[in-house]
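Novice: If you read the sequences in order, they're chains A and P.
Each residue of the first sequence is one higher than the one before, counting from 1 in the numbering used here.
Each residue of the second sequence is one higher than the one before, counting from 1 in the numbering used here.
One or more of the hints may lead you astray.
What the hints assert, rightly or not - Pair by pair, the computed Cβ-Cβ distance ranges are:
id: 1; chain 1: A; residue 1: Ala241; chain 2: P; residue 2: Gly110; range: 39 to 47 Å
id: 2; chain 1: P; residue 1: Leu118; chain 2: A; residue 2: Ile32; range: 32 to 40 Å
id: 3; chain 1: A; residue 1: Phe165; chain 2: P; residue 2: Ser282; range: 53 to 61 Å
id: 4; chain 1: P; residue 1: His168; chain 2: A; residue 2: Leu43; range: 56 to 64 Å
id: 5; chain 1: A; residue 1: Val36; chain 2: P; residue 2: Ser57; range: 46 to 54 Å
id: 6; chain 1: P; residue 1: Asp107; chain 2: A; residue 2: Ile203; range: 38 to 46 Å
id: 7; chain 1: A; residue 1: Tyr130; chain 2: P; residue 2: Glu122; range: 24 to 32 Å
id: 8; chain 1: P; residue 1: Ser130; chain 2: A; residue 2: Pro175; range: 21 to 29 Å
id: 9; chain 1: A; residue 1: Arg253; chain 2: P; residue 2: Ala27; range: 52 to 60 Å
To be clear, the hints were calculated from the coordinates, so they are not data collected in a lab.
Even for Gly, the Cβ is constructed at its ideal location relative to N, Cα and C.
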Amino acid sequence: MTPSGFSLVLQQTTAIARRILTEYLRQRRTLIFWAVFPALMLLLFGLIYGANPSMPGSMDTTPAGILIGAALFFSCLGGTVSIIVAERERRTLRRLLVSPLSPAAYFLGVVLALSFVAFCQTVIVFALAYAMGARYRGDVTLGATIVALSVFAFVGLGFFFGARFAKRAEDVNGPVAAFGVPLLVLAGTWFPVSLLPKFLLQIAWFDPVFHMNEALKGVSGRGLGWTDLSASLIFLAAFAAVSLALGIESYRRMLTEEKRS
Amino acid sequence: MSAVRFVGLRKSFGDRRVLDGLDFSIARAEVYGLLGPNGSGKSTAINILCNLLDADSGAVEIAGRPASPAARSVIGFCPQEIALYKDLFPAENLRFFADIYGVPKADAAGRIAELIRLFGFERFARIPVSELSGGWQRRLNIAVALVHSPEILVLDEPTSALDLEARHELWRTIEALKKRGMTVLLTTHHLDEAEQLCSRIGVMKNGRIAREGSVSELLSLVPAKAIALIEVGDTAALLARASQLGWGVRRYAGKIGCLLPQQVALEEVVRALSGIGVSSVSLQRVSLEQAYFEILQEGREPPSTNPDDSTLAQGSEAPTPVSRPTA
């Protein structure tokens with residue numbers, strides 16, 4: 001019997017996710033970058049903390065910043081933009097438009113594939129950090145929730161940027177570097193936010209990456225719980241919801257425009 | 001009942017009317033060729049059929065029903081561009097699109113194996129699409145359109161940018177589909193391709209079907225049994241001689257073509273044209289190309305009656321009818 005409704009969406013979602021993951025496995029280069037970059041950053045910070053024990057922050061909070069800023073930011077935000085741009089450039093988007101693929105299934109397929117990538121990155125980063133002496137101190141479920149919200153937020157933003165602004169692959173890197181890297185720095189990804197001047201700290205509070213970092217550093221490095229992190233969690237959940245909604249709407253608009261082109 | 005029917009379809013982009021009351025239908029198990037110059041509205045018609053565009057007015061019917069998204073699931077669309085995932089193997093591309101079209105898991109494996117056999121992909125099982133030649137990619141492009149067992153296959157210029165050998169290979173594949181009773185709508189700029197593959201052809205002009213019929217019906221529009229293609233220094237002399245002989249004259253791709261009212265031997269043509277400085281003569285059967293040009297030329301004013309006019313020397317998509325000198 002031909003699947004319909006929910007079972008069709010499920011079949012389409014898993015097809016999209018499986019395809020994206022197979023492409024990553026075949027290309028290898030992207031996966032290697034996504035694994036090697038955070039690993040190298042972790043190693044560097046491990047050496048820096050090892051040589052400067054009096055530095056603010058600690059090795060225990062470092063993996064959180066590395067995971068958000070050197071892993072998930074590139075895989076989930078940059079990855080989503082690249083997936084959408086590639087779909088346009090290969091003209092497969094047009095082929096998909098003719099098919100009964102639902103926009104929701106496409107969106108969920110991308111989220112599923114990149115969630116799997118994010119899970120692998122999380123395991124790599126925390127396993128390496130453990131080997132270097134860092135310890136995860138908090139609730140694993142809370143940590144997983146923060147990672148999941150960060151993935152949703154980045155994928156939603158990726159859909160927004162990919163669907164609205166990036167027509168070609170060359171359009172991707174410039175904006176990601178120009179806007180993304182300052183946001184990472186402002187969020188205290190590479191060093192403790194206590195080093196920021198007061199006015200920058202006030203601005204940083206509106207940076208979603210700041211809340212990803214603060215929440216994940218809090219649970220993993222300092223063992224904070226749900227209540228301690230409620231402000232960042234609420235901000236993060238709201239931001240993830242807004243960015244997902246924005247991403248879905250931008251994607252729908254892109255499909256309409258693609259139909260007219 | 002028709003497999004597909006276009007009824008009074010109209011579509012404009014801004015001030016430019018691209019479809020102007022397009023009416024035609026495609027019978028079941030028929031290979032219908034949609035021809036026409038660039039901008040005549042072929043792609044717009046296909047995009048409306050495949051739900052990529054909305055018509056301003058008119059309708060498309062599929063198997064007698066309005067073309068709702070559900071009705072459109074019986075269409076397999078093969079776009080002009082190669083639209084495949086090039087890091088995946090051929091079978092992985094087929095599996096992906098089978099899932100997107102909701103082919104039940106139990107049927108998908110058999111369907112994919114059947115297409116792999118039909119299109120000859122057995123030896124490319126573990127090769128990414130990016131490493132296949134253009135011809136094989138084009139084949140896979142068609143195979144993907146068939147993965148959900150559609151009743152109607154839409155092929156938008158399937159052999160563009162292919163070398164001759166690859167084109168002939170692809171023709172064999174389309175002929176195999178034709179033998180299986182597949183309904184096909186084919187657009188192409190290769191008239192030999194349409195002549196070879198199509199059971200019926202519609203020629204579009206100005207957003208509507210200008211002429212429609214079987215290949216032999218369209219060939220009968222050319223008032224000739226054969227064409228003599230002639231290179232000559234003195235065009236006026238040739239026109240005068242053709243006029244004396246009662247031959248119509250056209251210009252095809254820089255050469256003058258004389259429309260011969262009956263089959264004649266090459267020697268007879270050479271003899272008939274002796275003394276006017278002919279440098280080469282070749283005889284051709286009447287082909288769809290000439291019929292196509294006749295159709296495009298219908299209703300147009302001849303651009304010039306002067307054989308020395310520069311317009312005669314320029315190649316154009318439509319032939320230039322050469323009027324006989326009056327004196």
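Novice: Quick one: which hint numbers does this structure break? Sort them smallest to largest.
Specialist: 5, 6, 7, 9
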